[in-house]
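Visitor: Sequences and hints are given; from them, build the entire structure.
Under mature numbering (1 follows the signal peptide of the UniProt record, and there is no 0), the letters of the sequence shown match residues -22 to -1, 1 to 356, in that order.
A hint or two may mislead.
[Claimed, not checked] Derived BS3-like pairs (lysine-lysine); straight-line CA-CA distance at most 30 Å:
(1) Lys196 with Lys221
(2) Lys326 with Lys221
(3) Lys235 with Lys196
Simulated from the structure, these hints should not be mistaken for laboratory data.
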Amino acid sequence: MRKLIPLSLAVLALAGCGTGQGMWAGAPASETGGTPPVDAALVTPSFGWVLTADRLLVTSDGGRTFTDTRAPLPTSTVRAAHFTDALHGFATASSGSTLTTARTSDGGRTWTRGTMNGPEYASLSAAAGDARHGAVLAQTSRILPSATLLATSDGGASWSASAAPAGELSMESNGRIWVAGDGGSGGSGGDGKDGGSGGSGLSSSTDQGRHWTTTTVKVDGSFDSKAVAPPTGGVLPVTLVTKSDQTQVALLTSTDKGRSWTETNRVSVHGRTGPGVRVPVAAAGGGPLVVDTAGGHAYRVPAHRAAAMATPDLRPSGLPEGAGSVTFAPDGRTGWALAAYGRCAKGKTGCSLYHPLSMTTDGGVTWRQVRLWQERLN
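Guide: Put into structure tokens, the structure is as follows:
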């Protein structure tokens, strides 16, 4: 999950903080205040959470109302959280040389807090396979290829540290950990088939990060950058930026339990992205759902669709531009989309980033906004 901040910056860069794609005059309706979100996820059709720099909010009614759990974490934008169900979850935050963790087994009503010393981290991500097995990927820099994996097998009561590759984290219910690297530039004069230097691999561990197996993810064609995401819904999503500045999402599948991957589908999206930005792909009912960052477009890819067939655009109503994180509950129909987009009141002045949280109950065909945060830029 995550990658909201890079997406926001990409939107602003493309728009020039003026009228155009991703930024135009006027302000959206139904504004609500508060510190903007760092991450969010829907866990069940009714339970979900929103993490900000100073709060961890939970809802038990799908987002109509939120409660501040008062998680005992320092205020910081370097935060991460994960819930496996409506009761069990953990959160972590980095402040200076201290990493604070907090765990709950009652939906955030009470917390148990712990701290550990270490370097000052620049980014954190969290994942869990079940109520006992979880992991935190801690990176001191967003550009270095290495990170530290903190793993737990007792629900967060204790953590073990191991060296790990940098990237985006996920964990399966069987405890297998995935880290997908941020893609690099294809490089001038290269064909881009190997995705460029650094960060284009997919790594996995079955022993809490003590040993890693890394696979180089290859896709066909020529492109400038590639960003691999962890497997979801049986596919491995890879966001590509072509040499003609078009964004595509390649979907790969594996027949050998993730040791190798083969491209089976590719979707061209309307939105433009940059290096390291992943177009969201969620495990929804009926097949993987590719959510276009341009807004108003989403593509459901059936599991057995022929590669030559065009992927139908659902043209979902109410889906905002700038989607950076999309999650679905196990029913495959109820989901959240957390987005970020910019608007300016006039020219390049009075600019703000807006962070809408939207919900669907029909598998992504229609969306409605449940909350909106405004972040003033100037």
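Visitor: Run the structure past the numbered hints and jot down the numbers of the failing ones, going up.
Guide: Structure breaks no hint.
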